[in-house]
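Student: Below, each chain spelled out in residue letters.
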Amino acid sequence: DQQVKQNSPSLSVQEGRISILNCDYTNSMFDYFLWYKKYPAEGPTFLISISSIKDKNEDGRFTVFLNKSAKHLSLHIVPSQPGDSAVYFCAASANYGGSQGNLIFGKGTKLSVKP
Amino acid sequence: DAGVIQSPRHEVTEMGQEVTLRCKPISGHDYLFWYRQTMMRGLELLIYFNNNVPIDDSGMPEDRFSAKMPNASFSTLKIQPSEPRDSAVYFCASNVLGSHNEQFFGPGTRLTVL
Chain A
1 DQQVKQNSPS LSVQEGRISI LNCDYTNSMF DYFLWYKKYP AEGPTFLISI
51 SSIKDKNEDG RFTVFLNKSA KHLSLHIVPS QPGDSAVYFC AASANYGGSQ
101 GNLIFGKGTK LSVKP
Chain B
1 DAGVIQSPRH EVTEMGQEVT LRCKPISGHD YLFWYRQTMM RGLELLIYFN
51 NNVPIDDSGM PEDRFSAKMP NASFSTLKIQ PSEPRDSAVY FCASNVLGSH
101 NEQFFGPGTR LTVL
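These protein sequence lines map, in sequence, to chains A and B.
Once you know that position 36 of the first sequence is 36 in the numbering used here, the rest is easy, because the numbers rise by one and skip nothing.
Once you know that position 71 of the second sequence is 71 in the numbering used here, the rest is easy, because the numbers rise by one and skip nothing.
Extracted from the complex, chain A is given alone in its bound form (with noise of 0.2 Å):
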């Protein structure tokens, strides 16, 4: 059973339009979300995080809303960029006390923008 499930395998976008990339979650527990971005033959890069405390965190043209409520986030790049080509992981962890949790992620969205 996935925890973290990104339920669309692909998003196609035209260049300057806004991307949004969903992601839902179970585990009421996650405190801590986040997005990487993964380019062919690379490891994934951590793009933009959220705590649970937060619905929303910006950082220039990529935005991370969270809805506790209905378990879900999503991740907003606007404008879209062809560089921004790319899968998407979201990933959530449980921070117990200040230790360390680990990382659940979900399968990732390719994210395809055209010029």
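The hints are simulated quantities; they were obtained by calculation from the structure and are not laboratory data.
Do not rely on the hints blindly, as some may be mistaken.
Unchecked claim - Pairs of lysine-lysine residues, derived as DSSO-like cross-links and limited to a Cα-Cα distance of at most 27 Å, are as follows:
#1 Lys107(A) <-> Lys68(A)
#2 Lys107(A) <-> Lys24(B)
#3 Lys68(A) <-> Lys54(A)
#4 Lys78(B) <-> Lys107(A)
#5 Lys71(A) <-> Lys110(A)
#6 Lys68(A) <-> Lys5(A)
Please build the complex by placing chain B on the supplied structure of chain A, with the hints as guidance.
Tutor: Just chain B, lined up with the frame of chain A:
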């Protein structure tokens, strides 16, 4: 900093052979993680170490898999004997406590077992 270093980048071997994957974490990082990525299961954690000590190996699929971290700058993941279903990309990652789980990944080793 060179980032997390993994070797080899590609490994092709025959079923039954021993395979050893290597990882050098970022200097100063006290956590090291081994992941496996497959189409079916996505990115799954195999084992992680804290200060060279294995903390959670519940993700290691079978006794054929073993991992060691003899010192703070080196870790190995060994598969013996290897099977075709072990074919996957294996990633190593590292971080420090207090980094909110922002893990830094290596480029991965693509393993093909024939």
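Student: Hint by hint, note whether the structure agrees.
Tutor: Going down the list of hints, with the structure as the test:
no., hint, in the structure
1, Lys107(A) <-> Lys68(A), "holds, 21 Å"
2, Lys107(A) <-> Lys24(B), "holds, 26 Å"
3, Lys68(A) <-> Lys54(A), "holds, 9 Å"
4, Lys78(B) <-> Lys107(A), "holds, 25 Å"
5, Lys71(A) <-> Lys110(A), "holds, 22 Å"
6, Lys68(A) <-> Lys5(A), "holds, 15 Å"
In terms of the numbered hints stated before, the structure departs from none.
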